[in-house]
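Quick mapping for you: the protein sequence lines, in order, are chains A and B.
If you're matching positions, the first sequence starts at 171 in this note's numbering and goes up one per residue.
If you're matching positions, the second sequence starts at 2 in this note's numbering and goes up one per residue.
Do not take every clue at face value.
Cut-off 25 Å, straight-line C-alpha distance, at most; resulting in silico cross-link-like pairs (DMTMM-like, lysine to aspartate or glutamate) [as the list claims (entries may be wrong)]:
hint, chain 1, residue 1, chain 2, residue 2
1, B, LYS216, A, ASP379
2, A, LYS220, A, ASP416
3, A, LYS335, B, GLU203
4, A, LYS220, A, GLU663
5, A, LYS220, A, GLU496
6, B, LYS69, B, GLU52
7, A, LYS251, A, ASP541
8, A, LYS555, A, ASP608
9, A, LYS356, B, GLU52
In case anyone wonders, no lab produced these hints; they're calculated from the structure.
This structure is a prediction, so every number in the text was calculated from the model and none was measured.
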Amino acid sequence: MAQELQSINLVAPAFKGINTEDSPLAQDPSFAEVADNAVIDKRGRIAARKGLSVITTNKTVLGSSKIRAIKEFKNNAGTTKVFSVGNNKIISGTTTLVDETPGSYSINADNWKMVNFNDNIYFFQRGLAPLIYNTVATGSSGGTGSTVKVLSTVNSASGLDDSTKFGNEILAAYGRLWTADFTDDKSTIYWTTLLSGHRWTGGTSGSIDISQVWPDGYDEIVALAAHNNHLIIFGRHSIVVYSGADNPATMTLSDTIAGIGCVDRDTVQSTGADVLFLSQTGLKSFGRTIQEKSMPISSLSGTITKDIIATLTVETESFRSVYHPEENFYLITFVGEDITFCFDVRATLENGSYRATRWPGTGFTSYVRQDNGTLLIGSVNGIGKYSGFQDNSGSYRFQYTSPELSFGDPAKLKFLKKIRPTIFGGEDSVIFFRWAYDFNSSSASAIITLTSNATSEYNVAEFNVGQFTSGQFLSRNNVNTSGSGGTLAINMEADINGKEMSLQEINVLALMGKTI
Amino acid sequence: MPLPQWIKDLGKSVVDTAGNAASAIADNAAPLALGSAGLLLAKEGYDKVGEVGQDAYEALSGYTEDGKFTPGLAQELQGMFEFQPYTVTTSTGSQYGSEMGESTVDADGNTIPGQMNFGIDLSANEKLFQDAQLKRAESMFGLAAGNTYDSQGVDEEGNPLPSREQDVFNRMMSGIRPEQVRESNRLQGQLQAQGRLGVRTEAYGGTPEGLAMAKAQEESYSQNMLNAMQYAGQEQSRQAQLGAGMLSSSYIPQSQLLSGLQPGMTGAEQRRQSLSQQAETYGSTYASGLQALLQSALGQSGIAGTLGTGLATEALGGMFKR
Chain A
171 MAQELQSINL VAPAFKGINT EDSPLAQDPS FAEVADNAVI DKRGRIAARK GLSVITTNKT
231 VLGSSKIRAI KEFKNNAGTT KVFSVGNNKI ISGTTTLVDE TPGSYSINAD NWKMVNFNDN
291 IYFFQRGLAP LIYNTVATGS SGGTGSTVKV LSTVNSASGL DDSTKFGNEI LAAYGRLWTA
351 DFTDDKSTIY WTTLLSGHRW TGGTSGSIDI SQVWPDGYDE IVALAAHNNH LIIFGRHSIV
411 VYSGADNPAT MTLSDTIAGI GCVDRDTVQS TGADVLFLSQ TGLKSFGRTI QEKSMPISSL
471 SGTITKDIIA TLTVETESFR SVYHPEENFY LITFVGEDIT FCFDVRATLE NGSYRATRWP
531 GTGFTSYVRQ DNGTLLIGSV NGIGKYSGFQ DNSGSYRFQY TSPELSFGDP AKLKFLKKIR
591 PTIFGGEDSV IFFRWAYDFN SSSASAIITL TSNATSEYNV AEFNVGQFTS GQFLSRNNVN
651 TSGSGGTLAI NMEADINGKE MSLQEINVLA LMGKTI
Chain B
2 MPLPQWIKDL GKSVVDTAGN AASAIADNAA PLALGSAGLL LAKEGYDKVG EVGQDAYEAL
62 SGYTEDGKFT PGLAQELQGM FEFQPYTVTT STGSQYGSEM GESTVDADGN TIPGQMNFGI
122 DLSANEKLFQ DAQLKRAESM FGLAAGNTYD SQGVDEEGNP LPSREQDVFN RMMSGIRPEQ
182 VRESNRLQGQ LQAQGRLGVR TEAYGGTPEG LAMAKAQEES YSQNMLNAMQ YAGQEQSRQA
242 QLGAGMLSSS YIPQSQLLSG LQPGMTGAEQ RRQSLSQQAE TYGSTYASGL QALLQSALGQ
302 SGIAGTLGTG LATEALGGMF KR
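Work out the full structure: start from the sequences and follow the hints.
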């Protein structure tokens with residue numbers, strides 16, 4: 171007697187993001203084995219990320235190099251100017267990139283960090299004389315006047331003669347600039363006098379050598395952060411926290427955390443309520459680290475820890491990150507490996523992790539969130555916006571792979587008959603579906619094209635009430651499948667080329683067979 | 002007291018002259034002879050007065066006969082009035098004494114009397130005390146005379162010793178140093194606990210607490226330095242005072258001896274006065290006797306003179322009257 175098809179709904183598949191840590195069999199179908207170029211959209215679905223809309227039209231000064239860092243300078247009058255670095259140059263502008271490198275100033279690396287402070291933007295990089303740009307000719311800034319200049323050349327600049335004290339890390343906080351991570355000194359932090367980023371001696375300037383404070387006896391300062399009147403000093407494998415940093419002369423050690431450090435200064439992002447950073451064991455939260463320091467610390471990247479560690483191990487170039495509250499994500503890019511991990515910061519999973527997706531091969535090399543919420547992305551193409559659904563007018567592949575699905579009983583044989591995905595958007599896109607049984611690497615596949623179902627009611631009036639919305643494209647195509655097995659993994663891939671796409675659910679129709 | 006010889010001789014001459022005059026008269030050449038006898042008698046009286054004066058002089062001042070000096074009243078009184086040496090001995094055994102030095106004879110053969118020697122002699126214990134006190138006083142004055150800023154010499158290894166002021170300062174600092182070390186350690190521990198050992202600021206050098214402690218220590222350093230200067234100066238004054246006191250006390254035995262001398266001197270003076278009175282009395286009595294003898298001799302010579310003059314006048318006057 172024919173057996174009735176069983177309908178198994180995978181509602182909002184992968185809305186918990188990637189999970190490569192737990193056993194595939196024991197996994198919740200809400201996880202994904204692969205979620206490339208995906209984000210968790212506002213409705214909690216896995217969706218294709220937005221693309222890179224390049225706005226640079228003239229990148230002559232950049233040549234074939236990449237934008238390594240971007241920063242938006244905004245002075246007190248509200249005038250903005252976007253600075254970026256690349257090709258050993260200081261660059262301004264977004265459409266036409268302009269070389270702003272001071273004359274006779276030689277740059278041999280693009281690992282700049284830029285900070286806004288008191289009507290100025292400062293450029294710091296280890297071993298290179300710091301630079302400054304502002305739009306006022308005088309004042310506490312030292313006065314430079316609309317061109318990027320060497321900081322030590324501005325009026326009343328002090329303490330900038332020793333090239334060994336050109337720090338790699340710079341932080342603007344509590345009315346001062348703070349710098350650390352020098353060529354030959356990895357434990358000292360210097361700060362300027364109040365409100366004067368060019369005066370590193372005199373006034374209330376000073377320094378602190380924390381070589382005797384490291385909880386493990388030795389460490390090297392990697393990054394600095396300010397949070398809740400604390401100065402957070404990230405070492406490679408420990409963290410030191412000082413409270414009362416608004417008065418550095420009297421700030422006191424508030425906390426030390428051993429075993430957790432920061433891999434790179436450019437992974438640190440303040441979210442307002444917390445500070446996120448990438449440690450050797452994954453993404454961490456400073457607030458949670460403080461709370462749980464004496465207990466096993468949960469990782470914000472707990473579902474992809476090994477992936478991150480593996481990527482960290484081979485990364486040789488640089489890291490770039492951005493926190494973007496409008497998109498609710500924290501991006502961390504391993505530039506050398508060309509892999510970006512996207513963490514959805516709206517909520518955490520049961521194990522305390524953020525929902526993570528992966529963006530491979532994007533070519534993104536730097537980020538900045540502008541005051542208006544626009545996320546600017548640097549790449550070899552110049553500067554672009556995180557918008558649209560094309561990467562520099564090209565497509566990119568959105569991919570989802572489910573974990574091994576046992577449908578509650580891995581011992582029973584399943585005969586997969588149909589897959590019926592509910593997909594929002596992606597009109598006219600070609601979708602590749604693959605399915606494989608029992609952890610088999612070889613899979614069967616099918617291709618569907620999302621066709622329009624004429625959901626638009628444009629220009630059709632009802633009872634003289636005009637409805638002029640096009641609605642959202644929704645497709646529920648059937649994919650006929652074959653084969654059988656104890657467990658099943660479903661893969662969906664689509665090239666995103668101008669249309670957003672999100673996966674609402676996958677309805678699997680299967681016959682349950684005998685016990686294996 | 003027996004009559005002097007010259008008085009006896011004077012009497013004999015008068016008798017002899019009277020006999021001769023009577024004889025002359027009897028011979029009828031008598032007037033001239035009697036006159037001559039009278040004149041002779043008068044001259045005899047006159048001569049006797051001189052002899053009496055000479056004898057009185059010699060009796061008073063002494064005379065030399067055959068190279069031998071026979072002292073007179075003056076020598077006798079000189080001996081009697083001569084200073085009588087005496088010695089005062091205190092209860093602690095110290096003595097004050099005086100003695101006449103030996104006379105000397107100068108080139109002209111004059112005897113120069115010896116000088117009076119006055120001496121005090123402390124007892125052995127007091128002498129020891131005095132010597133010790135003098136040494137102490139010298140030591141104190143030596144200390145007081147030193148410059149408090151100069152090195153006090155060198156140690157056994159030849160290294161210069163610190164000045165007294167420095168020495169005092171070092172002692173003061175050594176007194177407070179343990180607490181300073183404890184405070185520094187406490188601050189170090191506090192800064193270490195606060196992770197602030199490595200703080201260097203332009204405003205404070207290190208930490209504000211470190212600056213406060215350094216200021217406090219510097220203030221105590223400065224205060225101790227001033228105190229050491231003050232103390233060294235005061236100590237110098239004290240040493241000088243002590244030296245003066247010791248010097249003064251070293252003369253206490255001597256002054257006590259001199260104090261004890263006063264009663265001795267009074268007793269000696271009384272004795273001297275007594276001896277003086279005795280000598281005066283003796284001299285006075287002697288002089289009175291001599292005066293009496295002189296008066297007697299003068300009387301006798303006056304009689305002889307008067308007698309001689311009378312005889313001469315009668316004899317010669319009668320002869321010229323005829």
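Going down the list of hints, with the structure as the test:
1. B:LYS216 x A:ASP379: Status holds; Cα separation ~23 Å.
2. A:LYS220 x A:ASP416: Roughly 40 Å separates the two Cα atoms, so the pair is violated.
3. A:LYS335 x B:GLU203: holds (16 Å)
4. A:LYS220 x A:GLU663: Roughly 16 Å separates the two Cα atoms, so the pair holds.
5. A:LYS220 x A:GLU496: Distance of about 13 Å is within 25 Å: holds.
6. B:LYS69 x B:GLU52: Roughly 20 Å between the alpha carbons, so the hint for LYS69 (chain B) and GLU52 (chain B) holds.
7. A:LYS251 x A:ASP541: holds (12 Å)
8. A:LYS555 x A:ASP608: This hinted pair is violated, its Cα atoms lying about 42 Å apart.
9. A:LYS356 x B:GLU52: violated (139 Å)
Checked against the numbered hints given earlier, the structure breaks hints 2, 8, 9 and satisfies all the rest.
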